[in-house]
Amino acid sequence: MASFAGPFRQTYRYLQRQAHENTVIFYSCVIGAIGPVMVVTIPPIRERFFGYRPAEPVPTSYPLPQRPRRPVQGYDDE
Amino acid sequence: MNSNNLMLTIIGLLLNLIDVLAIILPVLLAVAFMTIIERKQLAAHQRRVGPNTVGYYGLLQPFADALKLILKETVIPSQSNKVLFYLAPISTLVFSLLGWGVIPFGQGLALSDFSLGVLYTFALSSLGVYGVLLAGWSANSKYAFLGSLRSTAAMISYELILSSAILIIILLTGSLNFTTIIESQESVYFIFPLLPVFIFYFISILAETSRTPFDLQEAESELVAGFFTEHSSVPFVFFFLGEYSSIVLFSCLSAIFFLGGYNFPEVFLNESFINLQAIVLGLKTCIFCFFFVWFRATLPRLRYDQLISLCWLNLLPVAVAFIILVPSILVAFDISPY
Amino acid sequence: MNNLIFLFIFVPLLSLILLGLNVLLAVHRPDESKVSAYECGFSPIYGQTRSTFQIHFYIVAMLFLIFDLEILLLFPIAVTLYQVSTFGFSIAIIFFIVLTIGFVLEIGSGAIALTNFDQPSYPINKEKKL
Numbered sequence: 001m002a003s004f005a006g007p008f009r010q011t012y013r014y015l016q017r018q019a020h021e022n023t024v025i026f027y028s029c030v031i032g033a034i035g036p037v038m039v040v041t042i043p044p045i046r047e048r049f050f051g052y053r054p055a056e057p058v059p060t061s062y063p064l065p066q067r068p069r070r071p072v073q074g075y076d077d078e
Numbered sequence: 001m002n003s004n005n006l007m008l009t010i011i012g013l014l015l016n017l018i019d020v021l022a023i024i025l026p027v028l029l030a031v032a033f034m035t036i037i038e039r040k041q042l043a044a045h046q047r048r049v050g051p052n053t054v055g056y057y058g059l060l061q062p063f064a065d066a067l068k069l070i071l072k073e074t075v076i077p078s079q080s081n082k083v084l085f086y087l088a089p090i091s092t093l094v095f096s097l098l099g100w101g102v103i104p105f106g107q108g109l110a111l112s113d114f115s116l117g118v119l120y121t122f123a124l125s126s127l128g129v130y131g132v133l134l135a136g137w138s139a140n141s142k143y144a145f146l147g148s149l150r151s152t153a154a155m156i157s158y159e160l161i162l163s164s165a166i167l168i169i170i171l172l173t174g175s176l177n178f179t180t181i182i183e184s185q186e187s188v189y190f191i192f193p194l195l196p197v198f199i200f201y202f203i204s205i206l207a208e209t210s211r212t213p214f215d216l217q218e219a220e221s222e223l224v225a226g227f228f229t230e231h232s233s234v235p236f237v238f239f240f241l242g243e244y245s246s247i248v249l250f251s252c253l254s255a256i257f258f259l260g261g262y263n264f265p266e267v268f269l270n271e272s273f274i275n276l277q278a279i280v281l282g283l284k285t286c287i288f289c290f291f292f293v294w295f296r297a298t299l300p301r302l303r304y305d306q307l308i309s310l311c312w313l314n315l316l317p318v319a320v321a322f323i324i325l326v327p328s329i330l331v332a333f334d335i336s337p338y
Numbered sequence: 001m002n003n004l005i006f007l008f009i010f011v012p013l014l015s016l017i018l019l020g021l022n023v024l025l026a027v028h029r030p031d032e033s034k035v036s037a038y039e040c041g042f043s044p045i046y047g048q049t050r051s052t053f054q055i056h057f058y059i060v061a062m063l064f065l066i067f068d069l070e071i072l073l074l075f076p077i078a079v080t081l082y083q084v085s086t087f088g089f090s091i092a093i094i095f096f097i098v099l100t101i102g103f104v105l106e107i108g109s110g111a112i113a114l115t116n117f118d119q120p121s122y123p124i125n126k127e128k129k130l
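Chains A, B and C, in that order, give the protein sequences. Under UniProt numbering, the residue at position 59 of the first sequence is numbered 59, and the numbers go up by one with no gaps. Under UniProt numbering, the residue at position 132 of the second sequence is numbered 132, and the numbers go up by one with no gaps. Under UniProt numbering, the residue at position 108 of the third sequence is numbered 108, and the numbers go up by one with no gaps.
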């Protein structure tokens with residue numbers, strides 16, 4: 001990569017050096033950074049290019065009734 | 001009428017006893033055979049014969065050893081704290097045997113298949129540190145003390161790696177129940193998608209059971225026998241049993257977490273009384289037991305500072321990175337378990 | 001009775017039975033050199049046990065407390081990742097990043113470098129020297 005020139009050359013050299021010297025830390029940062037990037041980028045790509053629609057949410061509890069809550073009466077702990 | 005109730009209670013208790021014995025006796029046998037497996041396999045690695053006199057192929061060797069150790073004199077050092085001196089080996093044995101309470105050996109074949117099984121196992125493996133700590137403190141000897149210090153620091157450090165590896169498994173299964181973890185591996189065993197996680201998981205269980213690359217508290221050339229230098233006869237047997245029981249337990253746990261437990265492609269699955277699921281789990285456990293001994297025969301011991309910096313500077317960053325990566329994949333592809 | 005409770009009673013009883021067997025069957029003849037502290041060769045020097053030890057063992061234990069707590073606090077989100085979905089996930093990531101900053105600080109300050117101090121085990125310190 002000797003021909004690689006430009007404004008990011010110093011940054012590239014720094015990263016190369018870090019990957020060489022602190023291999024574990026460097027690749028941990030890379031793996032860790034891939035995660036949030038995936039969360040941001042992948043859903044729009046899937047939606048636009050593959051026509052993906054999120055599935056219906058699986059019901060994990062009973063649905064709440066669509067009415068105001070009625071006060072409970074007839075118990076003796078009032 | 002009253003005597004009838006009493007009969008029912010007694011029968012219930014007997015059934016409980018049979019249940020518990022059906023777990024504990026095979027476990028104790030497995031631990032005994034683990035010791036003979038280790039000796040025979042180490043011998044095979046070094047082109048020796050190994051124990052071959054007692055019983056066929058030396059199969060009765062561990063029982064002879066246990067009997068010998070029970071008949072030995074218990075030496076209690078005069079400077080030790082007597083109560084703690086006995087409590088330490090007992091707690092080691094008890095905590096490592098109690099871990100078997102939640103392991104499912106087949107569909108519904110667990111002593112107690114409750115929903116927080118993984119947390120239960122964690123709690124017991126953390127409590128195992130107390131045996132080491134108490135033994136080193138109570139013996140009041142400098143070798144035991146230094147050994148317990150080293151052992152405690154190593155065990156608690158590697159417990160971090162262990163719990164983060166299992167956290168990743170929990171992320172993929174969405175449940176803390178062992179049966180659910182096994183059933184969610186019916187399509188693919190977790191060792192395939194999570195191979196890097198498996199590698200640092202296995203390193204951490206080697207350190208957690210203080211096996212060879214990490215057996216610094218027993219570095220014979222420095223510390224005699226580590227934290228159980230002063231323990232003899234039955235207290236020593238307890239440490240020995242506890243150590244090997246935790247080896248078999250962690251092998252079993254790795255089989256459950258990464259090799260799908262009692263799952264096996266269709267062949268052994270049937271609904272009849274003779275169900276080979278437990279045997280499948282046993283074979284998978286044997287693979288990991290073999291690995292434990294293989295590493296002992298192959299790898300040299302680390303230095304203590306290498307042990308600590310391997311955990312904190314190398315394994316922990318990787319574990320943290322995977323803890324972020326795996327749920328990100330789940331959220332990004334909308335495949336989180338419910 | 002619950003099977004698990006029975007196990008909790010049975011296993012300590014088992015170990016007590018083994019201890020009892022030992023008391024019944026084994027000889028017990030202590031003498032002075034048998035019950036003194038183990039030492040390689042000579043008689044033990046008084047005051048060498050329970051002495052001071054290196055602070056790093058203590059530091060490792062304290063760091064373990066923080067990190068184990070952190071990982072255990074992530075267990076609920078591991079179980080409920082489907083329900084909390086992207087929002088809960090982002091909160092967990094923020095929580096995790098804050099703690100990771102602490103971890104980076106602690107590595108950089110050399111708190112867990114157990115080697116002797118003129119040879120730092122970690123390359124960050126090496127770079128400062130260069």
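Heads up, some of the hints might be wrong.
[Stated by the list, open to error] Below, a list of computed lysine-lysine pairs in the PhoX-like style, where the Cα atoms sit at most 25 Å apart: (1) B/Lys-82 with B/Lys-72; (2) B/Lys-82 with B/Lys-68; (3) C/Lys-34 with B/Lys-68; (4) B/Lys-82 with C/Lys-34; (5) C/Lys-34 with B/Lys-72.
Hints were generated in silico from the structure; no laboratory data involved. Computed from a prediction, not measured in an experiment: that's the story for all the values here.
Taken at face value, is the distance from the CA of B/Lys-72 to the CA of B/Lys-82 at most 25 Å?
Holds, at roughly 18 Å.
Assess, step by step, whether the Cα of C/Lys-34 is no farther than 25 Å from the Cα of B/Lys-72, and give holds or violated.
Between C/Lys-34 and B/Lys-72 the Cα gap is close to 14 Å, so the pair holds against 25 Å.
Can you confirm whether the C-alpha distance between B/Lys-82 and C/Lys-34 stays at or below 25 Å?
OK: B/Lys-82 and C/Lys-34 at ~15 Å, within 25 Å.
Between the alpha carbons of C/Lys-34 and B/Lys-68, is the straight-line distance 25 Å or under?
holds (19 Å)
Would you mind confirming whether the straight-line C-alpha gap from B/Lys-82 to B/Lys-68 stays at or under 25 Å?
holds (23 Å)
Checked against the numbered hints above, the structure breaks none of them.
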